[in-house]
Structure formats: C-alpha cells, structure tokens
Amino acid sequence: MATYKRQRYLFMTLDPVHIGTGGYRLGRVDNSIVREPGTKIPKIPGTSLHGAARSYAAQLYETPEAAGQSHDKIDKPDENPVCYTFGYIKKSKNESDPDKATIYSGVVNIFDAHVLLFPVHSMLGVVWVSTKERLEDAGFKVDIEPNAWSDDDRDIGIAALWNKSDKSIDRLNLGWLMVSITGKVTVTPPDDCNWQNEQRWNAIKKIVIVKDSLFSQVVNSNLEVRTSVAINPDTGAAEDGALFTYEAIPRATFLTAEVVLDDYGMGQEDNEKKQEDNAKEQQNGKPKKRLRPFPKDKTFRSQKDIPGGAWICPLCVVKAGFRLIEWLGVGGMGTRGFGRMAVVGEPTEVTLKDCWQGLETSSPTE
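Residue numbering for the sequence shown follows this note's numbering, beginning at 10 and increasing consecutively.
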C-alpha cells in the first residue's frame with residue numbers, strides 16, 4: 010500500500026542566497042535571481058533544494074556517486090537509501106543487452122521555498138514584513154485588532170504593527186516606502202510545531218503585516234545587491250570592463266517549503282523473508298518487486314552511526330540533506346560567502362488521512 014505524507018519546513022537564511030536565472034533583468038543587476046512569474050517575488054526552486062538535499066545526503070551516507078546522473082558505480086543501488094529516495098537508473102548486467110536499463114522514480118516531491126518573513130530596515134530598526142495570506146497559508150495564526158484592517162484593495166498603504174500600543178506610531182518606513190500603521194497584530198506559529206521554542210524564531214518580534222499587493226514592492230526594493238570585479242592574475246588589478254552586479258535574498262529571511270512523500274512501493278521491507286518471496290515470484294515469471302532499504306542506522310562504509318540518527322524512511326534522508334545546507338549552502342556564489350540556510354525546529358507533518366478529515370469537516374459549497 011502506498012504511503013503519503015506532507016511535511017512543511019521553516020528555513021532561515023544565514024547568508025545571502027543567490028539562485029540565478031542564468032540571464033539578465035533589465036535595469037537592475039547583471040545576474041538576477043529566480044522569481045515567481047506572476048508576483049515577481051524571489052523564491053528558492055524545488056530543484057535547487059532537491060539537488061542539494063540529494064548531494065548532501067549521499068555524502069553523509071558515504072556514497073557520493075548516488076547523487077550523480079549515472080549510477081553505474083554504485084554498489085547495490087537497490088539497497089541504497091539515497092537512491093531509493095531520489096530515484097536512480099539501474100542498467101542491465103546482461104551482456105547480450107547492455108543498453109537495457111530500469112528507471113526507478115524517486116519517492117519524495119520537494120517543492121519551491123517561498124518567502125514568509127522578509128527583513129527590512131526601518132526607523133524602528135529591522136522589521137520582518139509579511140502578509141496575512143502568506144502566514145495563514147503556512148499554518149500561522151494572525152490576529153489583527155478589530156477595525157484595524159481593510160480588505161479593500163484601494164487601501165494598499167496600510168500596515169499592522171507587532172506592538173501597536175504607542176499611539177504616536179502611526180507611520181513606518183519600510184526601506185524607502187512609508188506606510189500607515191492602523192493597528193496591532195499577533196502572529197502565532199502552528200500548534201503542531203515547536204517553532205515558537207526555537208531561538209531563531211524568538212529573535213524576531215518585530216513583525217509588520219502589509220497588503221499582498223504591496224509585498225512584492227517591499228521585497229524587491231530591499232534585496233541585497235553586490236558588486237564584484239574580475240582580477241587579472243598577472244597584475245593583481247581589476248580587469249577592464251569586468252565589473253558585474255548580482256542580487257540575493259538577504260540574511261535572516263524566513264521561507265517555507267513542502268516535502269511530500271509518495272512512497273508507492275511502501276510495504277516492502279528489506280529482510281531475508283521478503284527477499285526469498287521476491288525470488289520465488291521471479292521464478293514464476295512475475296516482475297521483481299522493489300525493496301525498501303530502511304531502516305538504516307549506520308553509513309555504507311565506515312561510520313558506525315548516521316549523524317543525526319537512523320534513517321527510518323525517505324523523509325529522514327531529505328531531512329538529513331536539509332540539515333547540511335546549514336553548513337554547505339544552496340545555490341551559487343558559495344565561495345563568496347553565500348548560500349547557508351538553517352532548518353528552524355522540526356517540520357510539521359500531515360498525513361493523507363488528516364487531509365480527508367479536513368475535507369469531511371468542511372462545509373460543502375453551495
């Protein structure tokens with residue numbers, strides 16, 4: 010029986026993060042970062058998170074070849090948890106047909122990381138800007154004072170402040186933008202998480218809620234932009250015409266990303282009895298079933314224990330890869346001090362049963 014689970018991660022950038030588009034953005038910088046096509050808000054693509062998680066998990070398990078495009082050098086890929094989690098290609102050992110290969114899809118879907126709270130300089134110091142819709146979509150509870158918020162799209166310049174107790178604070182600058190403070194807001198993390206106990210989350214108390222239509226302008230006006238130049242190795246001076254600029258998501262930005270477990274082969278454990286049953290079915294002409302190489306409590310070669318604990322399921326492999334992003338980073342410009350991103354607390358988890366219960370309790374649409 011297939012197993013489906015959904016986890017939501019909360020990330021905080023420890024350095025500027027640059028996920029380049031490979032092209033140019035007219036009028037701002039030479040090397041721009043990936044954005045949502047509609048809102049133009051920067052994001053970290055799921056492909057970047059997927060590649061980093063796979064590479065780092067493979068290194069942690071001491072089989073770095075499991076992260077490559079070719080898996081010819083992997084010893085027993087069927088028993089490798091990294092291969093099982095992210096997918097692999099197994100070539101035939103039959104000399105008469107060496108080009109024949111079996112492709113196994115991965116069992117995890119890693120989605121884009123979206124900006125949740127964005128740090129901006131103001132006259133009150135650094136504040137973290139978000140929208141009511143983004144926070145609620147991530148499972149946060151947002152309470153704004155009654156009569157302090159309007160859903161009218163024409164009221165684009167209003168905002169709610171985290172400590173609107175001082176009546177003298179009626180305006181606040183977010184970078185170069187000035188907004189009117191209309192009330193107080195309280196933001197509470199989801200009940201089923203431990204994010205509120207994390208030091209990184211408790212460090213941000215200055216939250217400002219703005220309209221969704223203004224959020225893109227606030228974010229894009231306060232991205233980190235750096236300038237670099239190529240150096241001539243012979244003279245030690247700057248190369249002529251080699252000056253270039255690039256942008257990045259700034260440090261202390263909070264993002265959320267979802268990981269879905271789609272383990273269609275669930276139910277096959279890697280033990281002797283099921284391997285024997287598998288061999289008997291092959292003799293009867295049935296196709297070979299894919300075995301689950303879990304649990305794993307030690308690495309492939311030398312380590313007695315897997316750092317961070319045993320891998321019980323594919324989600325543990327993804328989690329281990331995400332944890333190493335805090336050390337090794339994601340995206341480009343890593344040698345220039347870019348890319349590190351920390352996981353805040355533990356991810357929240359929802360099963361397929363929980364999703365169906367939510368649909369059953371919701372009122373039908375008339």
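Don't read these hints as lab results, they were simulated from the structure. Remember, predicted model here, so these are calculated numbers, not experimental data. Possibly wrong hints are sitting among the right ones.
Below, computed lysine-lysine pairings styled on DSS-like, alpha-carbon distance capped at 25 Å [stated by the list, open to error]:
1. Lys313 <-> Lys14
2. Lys305 <-> Lys85
3. Lys214 <-> Lys150
4. Lys49 <-> Lys14
5. Lys193 <-> Lys49
6. Lys82 <-> Lys99
7. Lys305 <-> Lys14
8. Lys82 <-> Lys109
9. Lys100 <-> Lys85
10. Lys141 <-> Lys82
11. Lys52 <-> Lys313
12. Lys362 <-> Lys193
13. Lys99 <-> Lys362
14. Lys49 <-> Lys85
15. Lys52 <-> Lys82
16. Lys214 <-> Lys141
17. Lys14 <-> Lys150
18. Lys100 <-> Lys82
19. Lys362 <-> Lys82
20. Lys150 <-> Lys85
21. Lys85 <-> Lys215
22. Lys85 <-> Lys313
23. Lys193 <-> Lys141
24. Lys99 <-> Lys85
25. Lys193 <-> Lys52
Quick list of the computed label-pair ranges, beta carbon to beta carbon [said to hold, decoys possible]:
26. Pro46 <-> Val269: 28 to 34 Å
27. Asn182 <-> Thr111: 55 to 61 Å
28. Pro199 <-> Ala247: 46 to 52 Å
29. Asp87 <-> Gly318: 21 to 27 Å
The beta carbon of each residue, even a glycine, is placed where N, CA and C say it ideally should be.
Hint numbers contradicted by this structure: Violated hints (numbers, rising): 1, 4, 5, 10, 11, 12, 13, 14, 15, 19, 20, 21, 25, 26; every other hint is consistent with the structure.
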